[in-house]
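> Sequence:
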Amino acid sequence: MAKRFTSGRVPPSEMEPIFDTSARWQCWLDVEAALALSESELDLIPPDAGSAIARGCQLDRLDVARIEAEMERTSHPLMPLIVELSRTVEPPHGRWVHWGATTQNITQTGDTLLLRRACVLIRKQLLSILAALAELTDRSADMVMAGRTHGQHAVPITFGYKSAAWIDEYLRHLERLDQLAPRLFVALLGGAAGTSASLGEQAPQLQRLVADRLGLALMAVPSRSIGDHQAELVTVLGLVAATSGKIAREIYQLMKTEYQEAEEPIPAGTVGSSTMPHKRNPQLCQDVIGITAEIRALAPLALESAMGEHEADHASSVLFDTQRRACELTAESLARIEVIVAGLRLDRERMRRNLDLSDGMILSEAIMLRLGRTLGRQTAHELVYDAAHTAITTDVPFAAALTADARVAGRLDAQAIESLLQPDAHLGFAPVIAREQVDRARAAVVRCAGSDRAGAEWEAGATGDESAR
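So for the sequence shown, the working numbering puts the first residue at 1; every next one is plus one.
Note that these hints are calculated values from the structure, not bench results. Keep in mind that this is a model prediction, so the values were computed, not measured. Note that CB positions come from ideal geometry on N, CA and C, so glycine has one too.
When the alpha-carbon atoms are kept at most 20 Å apart in a straight line, the in silico SDA-like pairs for lysine to any residue are as follows:
1) K256 / T275
2) K246 / Q152
3) K124 / P11
Pairwise CB distance ranges (calculated):
4) E304 / T394: 56 to 66 Å
5) E16 / V271: 23 to 33 Å
6) V271 / E311: 48 to 58 Å
Start from the sequences and build out the full structure, keeping to the hints where you can.
Right, here's the structure in full:
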């Protein structure tokens, strides 16, 4: 993957090595090893053949150049690897390599091992982001700013309330990944059409042994045409991308000169323009906006690729390429989101000045509700609407327009109006909600950093020797 010009501002991606060709081939060999060991355990192949094949299933023992050349000649993704493995394994055991399996059994199951490693990394990134968001939300839980709906001032909120919504979304994405795991991390072991005809009467036991060795679950129906669980990963990553893109776009907006309420970290020496030296551009946010758009665009392709007909007519390579690309882009975007939220600069004074731009009208709801107690809600709405219209279309301040209305006389004096026009007095539960989400985020980080089941199993599967399980 080509480096972006902001790559120096984020840690190097740990995702790309996961999908390196050599790593992929080694995972295929891990599946071949698990298959051979399990078959020898059940006497489907000679007992010594299983261990001999497993010893040979190390890519550094094979002639990679010959494999690559044969792949070009045969136009087959796996057969050259099988032939080279059979040649390398000591006689007479090489002839038992790949016994009863079909190509997709090996490639899809091996690719699942790669996807598990990728999900481990994405999960860790989400937890790091949640930790950073907890700090951001904690320090801004009481930082009053303008809440905006449809691009206009709505009611006052706190920045911590805004970032609490981001925590809430990422927590659900973490939950989605955990729920997806048992559906995604499965072994496809059913032979040519999924009927297990080539594996004999002991096929169920064999499939269980292979899956256990690889730390995977079994597909209830090992049909090669099933791909919904794989497409689900891309759709979940599309949802993660939606949250990340939304955050980046909002910070991008808040960095505009007219707002200047927040700013992504901009290290000294960062250049925003070759001709305008003053520019402090939201480069990381721009990256995230673009990257996440590409991730979301992959979801329809994954869904199309999952529409397999008959027993194996779907484009499995397209589906894996879509998953790989989605994982790589997700890692890129999350790396930038973590840097952004961990170093986000907030301008409390600018937030306050922007609150005042609407001349107190951001508190119109508070005025309406107080007057509504005696005038009724609709009459109070009309009254406040008229005052706001006067303030917007003339030089009369909003508070003065309210005071001048005869319907207000005897109900609210100037001092009471002034008190109601204080943003801090109409925050509702914004600070409370912010701190609740801080606690949820920190609890998730602590729980997942310990011994929670999903994380521990993912780690074991992603970092251990799959063929030896």
